[in-house]
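Asker: Sequence:
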Amino acid sequence: MTLIAELLISALLVVGALFGLVGNLGLLKLPDTMTRLHAPTKATTVGVGTALVGSMGYFLVFQGTFTWHELLITLFLLLSAPLTANLIAKVHVHRSRGQETRPPSATGAPWATLETDAQAAARQDGSAADQS
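Quick note on numbering: the sequence shown equals residues 594 to 725 in our numbering.
Watch out, some of these pointers could steer you wrong.
Simulated DEER-style distance windows between Cβ atoms [unchecked claim]:
no., residue 1, residue 2, range
1, Phe659, His685, 38 to 46 Å
2, Glu599, Phe669, 35 to 43 Å
3, Ala699, Thr677, 17 to 25 Å
4, Leu618, Val686, 24 to 32 Å
5, Arg629, Phe659, 15 to 23 Å
6, Leu665, Ala610, 34 to 42 Å
7, Leu614, Ser689, 27 to 35 Å
8, Ile597, Trp661, 40 to 48 Å
9, Leu676, Thr628, 15 to 23 Å
10, Pro696, Asp718, 42 to 50 Å
11, Ala610, Gln717, 48 to 56 Å
12, Glu599, Asp625, 18 to 26 Å
13, Leu600, Lys683, 19 to 27 Å
14, Asp718, Leu668, 20 to 28 Å
The list that follows gives simulated cross-link-like pairs (lysine-lysine, BS3-like), each with its CA atoms no further than 25 Å apart [what the hints assert, rightly or not]:
no., residue 1, residue 2
15, Lys635, Lys683
16, Lys635, Lys622
17, Lys683, Lys622
FYI, nobody ran anything at the bench for these hints, they're computed from the structure.
The beta carbon of each residue, even a glycine, is placed where N, CA and C say it ideally should be.
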């Protein structure tokens, strides 16, 4: 039983290390921001996640304790890495493209980060006045 556990834990750690290596190489070698963004987010989510699951397995099998903090770190990474990547991608789109070349928003209004509350209110008032 312990040989199987050792092999499984070792495999998880090696897979995590390989994802980390590939993610770092992608960050260094890919040409632009949007493609470069993909590599480290996958390395964080999958690589660090598998290393933490392997560590949890080690402590569970060989020490007899369940480690909650590693589970919480894994859940935090699974939640925060995609959100961070989304925010970085939005900033890149805003900084690299002009208003006319940006993709349309789902509502037809300008992108929310380009419009102040006063501009949004004025646009709403103007569209209400046009309809009457």
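Asker: Hint says 15 to 23 Å; check whether the CB-CB distance for leucine 676 and threonine 628 agrees.
Answerer: holds, 19 Å
Asker: Indicate whether the distance between the beta carbons of glutamate 599 and aspartate 625 respects the range 18 to 26 Å.
Answerer: violated, 42 Å
Asker: Check the following: the C-beta atoms of leucine 600 and lysine 683 are separated by a distance inside 19 to 27 Å.
Answerer: Roughly 43 Å apart at Cβ, these two residues miss the hinted range, so it is violated.
Asker: Is the straight-line distance between the alpha-carbon of lysine 635 and that of lysine 622 25 Å or less?
Answerer: Distance of about 15 Å is within 25 Å: holds.
Asker: Return holds or violated for the Cβ distance of leucine 665 and alanine 610 against the range 34 to 42 Å.
Answerer: Once the Cβ atoms are compared, 22 Å apart, the range 34 to 42 Å for alanine 610 and leucine 665 is violated.
Asker: Is it true that glutamate 599 and phenylalanine 669 lie within 35 to 43 Å of each other by Cβ?
Answerer: 28 Å Cβ-Cβ, so the 35 to 43 Å window is violated.
Asker: Take a quick look at whether lysine 635 and lysine 683 sit within 25 Å of each other, Cα to Cα.
Answerer: Given that 25 Å is the threshold and the Cα spacing comes to 18 Å, the pair holds.
Asker: Do the alpha carbons of lysine 683 and lysine 622 lie within 25 Å of each other, as the hint requires?
Answerer: holds, 22 Å
Asker: Quick one: are aspartate 718 and leucine 668 within 20 to 28 Å, going by C-beta?
Answerer: Hint violated: Cβ distance 44 Å, outside 20 to 28 Å.
Asker: Honestly, do arginine 629 and phenylalanine 659 meet the 15 to 23 Å range at C-beta?
Answerer: violated, 37 Å
Asker: Does the Cβ distance between leucine 614 and serine 689 fall inside 27 to 35 Å?
Answerer: holds, 29 Å
Asker: Taking the CB of proline 696 and the CB of aspartate 718, does the distance hold inside 42 to 50 Å?
Answerer: violated, 26 Å
Taken one by one, the earlier hints fail for this structure at numbers 2, 5, 6, 8, 10, 12, 13 and 14, listed in ascending order.
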